[in-house]
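Enquirer: The two chains are supplied separately, each in an independent frame; assemble them into the complex guided by the hints.
Protein chains in written order, with this note's numbering: chain A, 1 to 84; chain B, 1 to 617.
This list has only true hints and no planted wrong ones.
When the alpha-carbon atoms are kept at most 27 Å apart in a straight line, the in silico DSSO-like pairs for lysine-lysine are as follows:
hint: 1; chain 1: B; residue 1: Lys6; chain 2: B; residue 2: Lys18
hint: 2; chain 1: B; residue 1: Lys278; chain 2: B; residue 2: Lys318
hint: 3; chain 1: B; residue 1: Lys127; chain 2: B; residue 2: Lys114
hint: 4; chain 1: B; residue 1: Lys583; chain 2: B; residue 2: Lys262
hint: 5; chain 1: A; residue 1: Lys65; chain 2: B; residue 2: Lys481
hint: 6; chain 1: A; residue 1: Lys70; chain 2: B; residue 2: Lys583
hint: 7; chain 1: B; residue 1: Lys127; chain 2: B; residue 2: Lys206
hint: 8; chain 1: B; residue 1: Lys206; chain 2: B; residue 2: Lys28
hint: 9; chain 1: B; residue 1: Lys150; chain 2: B; residue 2: Lys127
hint: 10; chain 1: A; residue 1: Lys70; chain 2: B; residue 2: Lys481
hint: 11; chain 1: A; residue 1: Lys70; chain 2: A; residue 2: Lys27
hint: 12; chain 1: B; residue 1: Lys271; chain 2: A; residue 2: Lys27
hint: 13; chain 1: B; residue 1: Lys6; chain 2: B; residue 2: Lys212
hint: 14; chain 1: B; residue 1: Lys278; chain 2: A; residue 2: Lys40
hint: 15; chain 1: B; residue 1: Lys568; chain 2: B; residue 2: Lys593
hint: 16; chain 1: B; residue 1: Lys117; chain 2: B; residue 2: Lys408
hint: 17; chain 1: B; residue 1: Lys593; chain 2: B; residue 2: Lys583
hint: 18; chain 1: A; residue 1: Lys70; chain 2: B; residue 2: Lys576
Hints were generated in silico from the structure; no laboratory data involved.
Chain by chain, the residues run as shown.
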Amino acid sequence: MEITFKLYATLSQYLPAGSVNHSINIKISDSDTAFSLLDKFNVPRESAHLVLLNGVYVNPEDRDKPHFIKDGDTLAIWPPVAGG
Amino acid sequence: MAWTRKVLRVNLTEGTCKEEPLNMQWAKQYLGQRGLGTKYLTEEIDPKCDALGPDNKMIMITGPLTGTAASTGGRYSVVTKSPLTGTVACSNSGGFIGNEIKCAGWDMLIFEGKSPKPVYLYLENDKAQLLPADELWGKSVWETDELIHKKHQDPLIRVACVGRSAEEGCLYAAIVNDLHRAAGRSGVGTVMASKNLKAVAVRGTKGVGNIKDPTAFMKATSDGKKVLAENAVTGEGLPALGTQVLMNVINEVGAMPTRNMKEVQFEGASKISGEAMKEPRPTDGKPNLTTNAGCFACTIACGRISTIDQGHFTIENKPQYWGNSGGLEYEAAWALGSDCGVSDLDALTYVNFLCNEDGMDPISFGATVAAAMELFEEGVITTEHTGGVELKFGSAEALAWAAEVVAKGEGFGRELGLGSKRLCEKYGRPELSMTVKGQEFPAYDPRGIQGMGLTYATSNRGACHLRSYTVSSEILGIPEKTDPLETEGKPELVKAFQDATAAVDSAGLCVFTTFAWTLEDIAPQVNAACEGEWTADSMMEMGERIWNMERDFNIAAGITGDMDTLPKRLLKDVAKTGPAQGKVCNLDDMLPKYYEARGWTADGVPTDETRVRLGLA
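This is chain B alone, in the form it adopts within the complex (with noise of 0.2 Å):
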């Protein structure tokens, strides 16, 4: 349904749940997810707060289309202050939890407070109920999981949880919904953990429903799905490959970091990619991939579903991971492979089986453990702080020890759970950390990707892709082909991929969807489901009313301009090989630029007119 004008706040220290009325005033400027969500939460926690103290809020909330027709109208956010980045945060996920929040009856849900013992939420539709979590802590995800359903003896329910990394404080924790779907980045799981929320279980029934223009609706979204199926990239591109076909792209353009971004490109990438995934091993003759999947309502379904061969080293005495499960995506395979120089694809896939089952992102935990390993190789750390651990460079028996002590916060995974940023700072050596504000990279070097370099510095969560993918215009050729190692009209494209990403986060549909849709496509969407008057125009002026509203929030937590960066790494040391060889990424010729298109000062502070101008002041 559209919006269902309800908003559950949930006081943990309390331990109450009550009913109150969405703010339509609001929801009219933000829409719903990210930036609604967003806007609840600057209205309603000092940015300065602790991240992991009571007085931060988590909001899980659903966008407008979430639970409709729509295509990929299954999406939810969670919004909360970043314990890893001090930012604000907003991770995003797929999966059916999203639908079964907005088919209980409930818009968002405000998470407030801390719980004196461990707790989950129980929602059946107008029932909500904190119930004793005490036989759950202490549990997986896919544990966690298994008894909620056994208890409530209803299978239907859908769970999103948190796993042990995050109840022993690893910064870049999960919240994992549906096995293995997951609200990734940003360590949103350890917010969850600090209050003592195990899990939020969820059973609706109510369907779908206020939908403004039903039959507008349903012609504007069957032409969505028309144009998704009959787009080579969304109709089958990614159902066949994944977002793991990019692992080969990325490598011969000379943009895959590797090595804690010591080099450009991987000698090893063809044997983790998305073709080798289908390739039958020779071990066994069955390929790691076993199936696609999708998403509520999604009708890409670029999920992979992987099996690893049971004789492998990581899994030959543990049948518990025989069965198929979620497999690589590309941010995954990239971090746990080409990072930390491992070219074992079962190897990886049974570290990505972990984050899901214990809540860790992939991403910033292969690139805390690339930057343990460069550590290790130069010294710093020793066999004696690893336990007799050899923790180098291409040991996918390193990586799989990591993941698993980092899963249950053991020794020296206590220290890895830290993140990248904080562990190199703890050993003395800062510089060879690859993060911005906190938060480790994802999978395309801003050498070979200028603009990328401009996405990772000025993203309001840290190093991120899914704040503007330039990729898709730099490499890709969508929606019109730019030159990757240019610098030149970058700000004003970075500013575009910013905000229209930024409205497209707030409507409950996935981003991918833009590989094939614009605005254009979404808005009538939107407009045929939302009061108000919805078209490509004011969502991208909503997108840049959301950036500046998250600008404001870090700047008022103290997250300023001067932390719009990179590493020295990227912007002094040159490529090494492939088409970027001898480039760094030249951030300078576009951040003031950039500023100066957002219409911020030269210190990066959005003016006072362009807050009014956006609605803001």
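So that you can see chain A by itself, here it is in the shape it has in the complex (with noise of 0.2 Å):
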């Protein structure tokens, strides 16, 4: 299956090149988690902070659960980051 991986503020630097606004559509298999991902990129675990699949937060218990996230999904996640 196919999703939409993205990765915002200073863990862009871990896209591809040919990534397009931080964001690079991917493949992947029922038993990848966001931290499987993340490991694929060479992303720290630890620096992920705000987790969102389909722009719901990712609570930490399910960020490495299998089958948790399904095809034409819009996976995003950021360091810890604030503002307003």
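Expert: Laid out in structure tokens, this is it:
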């Protein structure tokens, strides 16, 4: 299945060339998790503070849960950020 | 220093400057800045007075930690009655002039009456003079700053002043200090101009003193700085990307108000984000962001300094904008960008420059232009009104034009200077104004972040994010994550944020420290500097006292509980996309519980019991 994978702020550096707007479409397996995808892109897991699946916050206990991500989903990840 | 115990009272009608002692009883109850300034205001003016009349007063006030070694201890506030909302107004600014006022030996400056002619206050330590400002009137903030420096031949003078927009009656005019920091919201600059007061120029050389326990203070402030440095947000995230890092976050969660809040996600968000500001432009190979910058004593340095491509249409024949200047913060980028549907980063930066140059609040300006764009789309406003300008969503040219005419109060710019509420009422479409109590919304759609709906509805200065930033909890997980689409627990969350923020706003510190600090980090710094026993609990109680005092002022001014509401668009029209798709803001689920948590009646009035408990009766 294919998803949209986004890395923002200081994590953008881990995206491969060819990424557009901090985003890349990638093929994943059913067993892939947010953490396993971070591992594939060499992003330190502890850097992933804000993890959003289709804009909805993913709790830390769900970030290594298989079958959590579905075909067509958008997974977006940030380090600790704030503003206002 | 902590309190200098000195107040400068400037009577503009009489042309006098008099020293008086600080009311220490009030200082121990309200600390400084927002709390203490509001206490003075509520004691000295009739809440029903005309905000732009001589009976209103304008107070510039520091906090006890302003000018000290505490990180971010450079803040000051402007407290007055707002001409935009009719509520109490308190606008907080950084930069360097807060420290300068304190180093000149003053806790606060109270301006009363109205000068018969334009003047500016020149303050050099104990010497306070009202000087003629005829040659400054009609000048921009940047020109005024330069002229004052030339006249006094002192590069270290710090200047806070109003631009042409305030002189022309723009109701959301700011007071700009140090060229591009601003007491921005609620029209405090309009009040200053209404008094014929063009500028406050300050030079202070007295330094820091009067700390209760210097050894404990140095330890407490050092401990605090360590916490800020080691926190990933305040130590890395904010310096690198500034507040603009939120652009993609808020868009992703579906809470990005777009095109006058008709939509909750903006297709151009990534082009105007903090990340985009760092990327080289295809046109000149240089990034929009030049560097970050910090205010006095700040160890975070979230500020943005930007440079526009010299070939960009906004500045190609205007070399005065070719240098670097204050760049986009998230709130400005949102209001000028997604709310107007404009995704041209350099155009937004140019308009932001103009907001600094002539002192307009970019949030209210952008949101008002967005409302005008919707009126234009609806055919209510036409090119006959605009002098031929196609005021369409997405038009960078129209946005730049709007900023130019509001800055100078020219033509249709005078109508845009009324703010969204009065503009929409004038054209018979009040429902298109995205405001609460007359103040324009900031950058979070409450359909996607429910707590912010309650925040906006109950804010004592009209729609505002800085009165209770529950985004921190609901989206960013600071201090703990809550569900942005749920209303359960939000009344208590909003109350806690409101009270804690009022305390921070009274200390002389920046609220951004609270991404890393709690009151447990701040109270030891205040306690070591100030007389009295200051703990996290006592500061929280003080925050609640301030909130209720502000509420009482507003009620006396005629701003009552029935105005604790939101535009129908947010209560009736569902979000079309994103996680909040199909949802409205469920304010009715939260407001009664909020009143109950506050100890207020069902009509939103503090009970006698609450007033007694807080020492307000």
